[in-house]
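Asker: Listed in order, the protein sequences are those of chains A and B. Residues in the first sequence are numbered consecutively from 1, following my numbering. Residues in the second sequence are numbered consecutively from 176, following my numbering.
No false leads were mixed into what you were given.
Just so you have them, the derived chain A footprint on chain B, three or more residues with Cβ under 8 Å:
1. 564-570
2. 593-603
3. 786-792
4. 805-811
To be clear, the hints were calculated from the coordinates, so they are not data collected in a lab. Beta carbons are placed, not taken as given, at the ideal position from N, Cα and C, and that holds for glycine.
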Amino acid sequence: MAVVSWAKPKHLRKRKGSERLKFLIGGGLILASVVYLLVSGTLQGARYFITVDDLLKDGAYEGKTVRISGAVDGETIEYDSENAIIRFEIVNIPGEFDDLASALRAALANPAASRLSILVEDEAIPDLLQHEAQAILTGALAPDGIFRASELLLKCPSRFEETSPEGLSAIPEHN
Amino acid sequence: MLAEIGPASLALALLLALYAAVACLLGIGAGSETLLRSGRNAALLTFPATLLATAMLVLALMTEQYQISYVWSVTDPQTPAIYRFTALWGSQRGSLLFWSLLLSLFTFGAIALNWRSEGRLMPYAIATMMASLAFFLGLSLLLENPFERWWILPDMPESRQVVERALIPAGAIAPARENLAASATGLNPLLRHFGMIIHPPMLYLGFVGFTIPFAFALAALASGDLSTGWIQATRRWTLIAWIFLSLGLILGGRWAYDVLGWGGYWGWDPVENAAFLPWLVGTAFIHSVMIQEKRGMLKTWNMALVIATFSAVMFGSFATRSGVIESVHSFARSEIGFPMLAFWALMTLIALTLLLWRWQRGELRGEQQFANILSRETMFVLNNVIFIALFAAIFWGSFGLPIISELFMGVEVTIGPATFEFFVVPLFIAMYILMGVAPLSAWGATSARRLGKALAIPLVLTVLSVLLLIIAGTGALVSILGYGAVCFAGYVALFEIYRGARARHRGLNENWLRAVTALFRRNQRRYGGYVVHLGVTVIGIGIIGSTVFQTEVQHSLARGETIAIKDYGLRYDDYIRAQAVDGRMMNIAELTVLRQGAQVARIRPRVDDYPDMPMTIAGAHSTFENDFYVLLLGGNRERATFRIYINPLVNLVWWGGIVLIIGTVIAAYPKVIPARRVRKREAEDSR
Numbered sequence: 001m002a003v004v005s006w007a008k009p010k011h012l013r014k015r016k017g018s019e020r021l022k023f024l025i026g027g028g029l030i031l032a033s034v035v036y037l038l039v040s041g042t043l044q045g046a047r048y049f050i051t052v053d054d055l056l057k058d059g060a061y062e063g064k065t066v067r068i069s070g071a072v073d074g075e076t077i078e079y080d081s082e083n084a085i086i087r088f089e090i091v092n093i094p095g096e097f098d099d100l101a102s103a104l105r106a107a108l109a110n111p112a113a114s115r116l117s118i119l120v121e122d123e124a125i126p127d128l129l130q131h132e133a134q135a136i137l138t139g140a141l142a143p144d145g146i147f148r149a150s151e152l153l154l155k156c157p158s159r160f161e162e163t164s165p166e167g168l169s170a171i172p173e174h175n
Numbered sequence: 176m177l178a179e180i181g182p183a184s185l186a187l188a189l190l191l192a193l194y195a196a197v198a199c200l201l202g203i204g205a206g207s208e209t210l211l212r213s214g215r216n217a218a219l220l221t222f223p224a225t226l227l228a229t230a231m232l233v234l235a236l237m238t239e240q241y242q243i244s245y246v247w248s249v250t251d252p253q254t255p256a257i258y259r260f261t262a263l264w265g266s267q268r269g270s271l272l273f274w275s276l277l278l279s280l281f282t283f284g285a286i287a288l289n290w291r292s293e294g295r296l297m298p299y300a301i302a303t304m305m306a307s308l309a310f311f312l313g314l315s316l317l318l319e320n321p322f323e324r325w326w327i328l329p330d331m332p333e334s335r336q337v338v339e340r341a342l343i344p345a346g347a348i349a350p351a352r353e354n355l356a357a358s359a360t361g362l363n364p365l366l367r368h369f370g371m372i373i374h375p376p377m378l379y380l381g382f383v384g385f386t387i388p389f390a391f392a393l394a395a396l397a398s399g400d401l402s403t404g405w406i407q408a409t410r411r412w413t414l415i416a417w418i419f420l421s422l423g424l425i426l427g428g429r430w431a432y433d434v435l436g437w438g439g440y441w442g443w444d445p446v447e448n449a450a451f452l453p454w455l456v457g458t459a460f461i462h463s464v465m466i467q468e469k470r471g472m473l474k475t476w477n478m479a480l481v482i483a484t485f486s487a488v489m490f491g492s493f494a495t496r497s498g499v500i501e502s503v504h505s506f507a508r509s510e511i512g513f514p515m516l517a518f519w520a521l522m523t524l525i526a527l528t529l530l531l532w533r534w535q536r537g538e539l540r541g542e543q544q545f546a547n548i549l550s551r552e553t554m555f556v557l558n559n560v561i562f563i564a565l566f567a568a569i570f571w572g573s574f575g576l577p578i579i580s581e582l583f584m585g586v587e588v589t590i591g592p593a594t595f596e597f598f599v600v601p602l603f604i605a606m607y608i609l610m611g612v613a614p615l616s617a618w619g620a621t622s623a624r625r626l627g628k629a630l631a632i633p634l635v636l637t638v639l640s641v642l643l644l645i646i647a648g649t650g651a652l653v654s655i656l657g658y659g660a661v662c663f664a665g666y667v668a669l670f671e672i673y674r675g676a677r678a679r680h681r682g683l684n685e686n687w688l689r690a691v692t693a694l695f696r697r698n699q700r701r702y703g704g705y706v707v708h709l710g711v712t713v714i715g716i717g718i719i720g721s722t723v724f725q726t727e728v729q730h731s732l733a734r735g736e737t738i739a740i741k742d743y744g745l746r747y748d749d750y751i752r753a754q755a756v757d758g759r760m761m762n763i764a765e766l767t768v769l770r771q772g773a774q775v776a777r778i779r780p781r782v783d784d785y786p787d788m789p790m791t792i793a794g795a796h797s798t799f800e801n802d803f804y805v806l807l808l809g810g811n812r813e814r815a816t817f818r819i820y821i822n823p824l825v826n827l828v829w830w831g832g833i834v835l836i837i838g839t840v841i842a843a844y845p846k847v848i849p850a851r852r853v854r855k856r857e858a859e860d861s862r
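Isolated chain A, as found in the complex (with noise of 0.2 Å):
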């Protein structure tokens, strides 16, 4: 008669405490090339998100990538086509605000805001850089106190939304 045991054979259990080894170094590896991988890209490429006034204000920020936004002045936009050179200059936005458009509208009313020369080179000028836009730019503050941006976003709240008519006759259609 054969006899049968439940225990499971040994070759068996050590196969099955070798598998997990391997899941274990497995997973261990791949979690440590992701988070090595986050890590290092974060410290390559991270940027600060500052305001005009941060900037001007900090030495520190002088010379180093960093992301800025602020409030677009029409009447200083430049473009020079053939050279592929946008010229202009932002109005410094508080950080905080409630309404956008509002924001940007104050900022540039204010004579007494901070104000940012912008110099991007070879890039064809954005559709939405118009006055009263916010801008988001990437690039550094040189010696000469120009902002040299490598990348520009730009949003234009007022002329979308949350505006309202102005100017309306208050001459009823219906009552």
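For this one, chain A is given, so just place chain B on it according to the hints.
Answerer: What follows is chain B alone, placed relative to chain A:
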């Protein structure tokens, strides 16, 4: 009238949704079939009620009811009819209503298809779907009402200021229609594009669609019915949502490529990333759910993925719609930020608590254990790890890092596109390699020898392709690695289809066409999956080609002058100013594209002057090999400046997208027709 019927139907839909949720929960508690049916019927009725509200807004848009402030803000008298219609999702208020409409439609579909088959889950699922619908309807009714109108209050006729109110203020008068029409803002010109007609609905169908799998998961957790029923219902709804989200993402890329004028289609903007995140988790779920179906494993993990997908949709909507994240695409800052954050947190918390409860009770324990490192289930888990790592990296860069740095350092820290690429390129290469290896390994256990044998032919083909690329002059290591991984995944998919068809061709003596058709028909999920993999391969080839090998130059040309760029020539022929039917002035440059001295195309890049902004429209000559893509930067009849891009293989991104959709439709389609046939046969038998 429209402004009265609209909010009334919205309110009715809200009441129905609330009633349905409560009736279903009470019905479960009391075990009352009558209450459950009543809840179900109320849930079904939310669709016609929301449809009526949406129809009122569409009617208002089409008939130029400018007193309704939404109509005033997204259309003007010059807006063409098609964009009047698409203005429904052109801005926050309309798109929230549209979201509710789609959610009520999905709920209608889920009840119609699953009420009989998933009787135990449906009351919980309906309660979840209705809670979600009630939330969005509540937002539309209370905070972002698309039916608000402009009014002049009795005490301010002289100031000529207007106020926006849903209900008529006492003694208020309506502003004159012609004045409202004259000052109407019109749809953002950037949204006047074919891609924008169908991109948002597809994206929303994807987002909203993920509510249904979430509802079923929550129903399974709440009811304790954790058998395969919820998985079957969830898998198909996930695939449906996934198809739409994939289509939405691809169309969004196409719109950016055509309209935004920077020669690219993905900018790693937080809003784009917010749409990509649920896709990543959803894709992980579509794969890992197979392990649960085949091996009864990863039950907790699958639940977590369904919850994470819905949670990612809600978080993305919050980030985009609240205006808290700086993005070129985001909506204006609005009051819905906090409610959306609260709703997201509440739903996620409820789901995670239920998950933890069931897990603690041991009801989600796997039926098998991972036994072999080369088994298909291990490969699928690895695939999940890659997707979750991609999710973590993109979430970290888009939201985690900016939010945490702001909270703890007092200054926001962000990363740019280059860092996102640094994160995702190695992960995508790993994903493509796994796409190749996983289908060849077996469930349970695979020996290295057997796997190696199966991999031999695709590997040889991959090495040959890579050698050909090197001989052709491809030097960049990242592109060689990338193409190697992408080709490998594609060859495996093709080889597997070929192997299956060959077996039928030899064994059953079928001709090749019949063998392939029968193969797909017999196992639509598996072979549909291979077609999806082929689509992803084609997209991968297109992405590497159009990013690594893109040429970008700028030239100023005198009229009649020709310049050479690579093997292309570009001649500036003329400059025309013309007025379009909607009143905008168009500045059009006429150019001739030459190749090896012969004229191959005439293109017309242009700049349209809208009242508020110009809009640059590229002129492109598309071939299989590349896109010759030209932007007009400025100039006059005598001289004009152009930015020229040569984007190799970019069209493969769109064509690959089509293949991917076809594959998903094949994979999602099975069993519906047979089930109907069986029912029909049963009905005939009973007669």
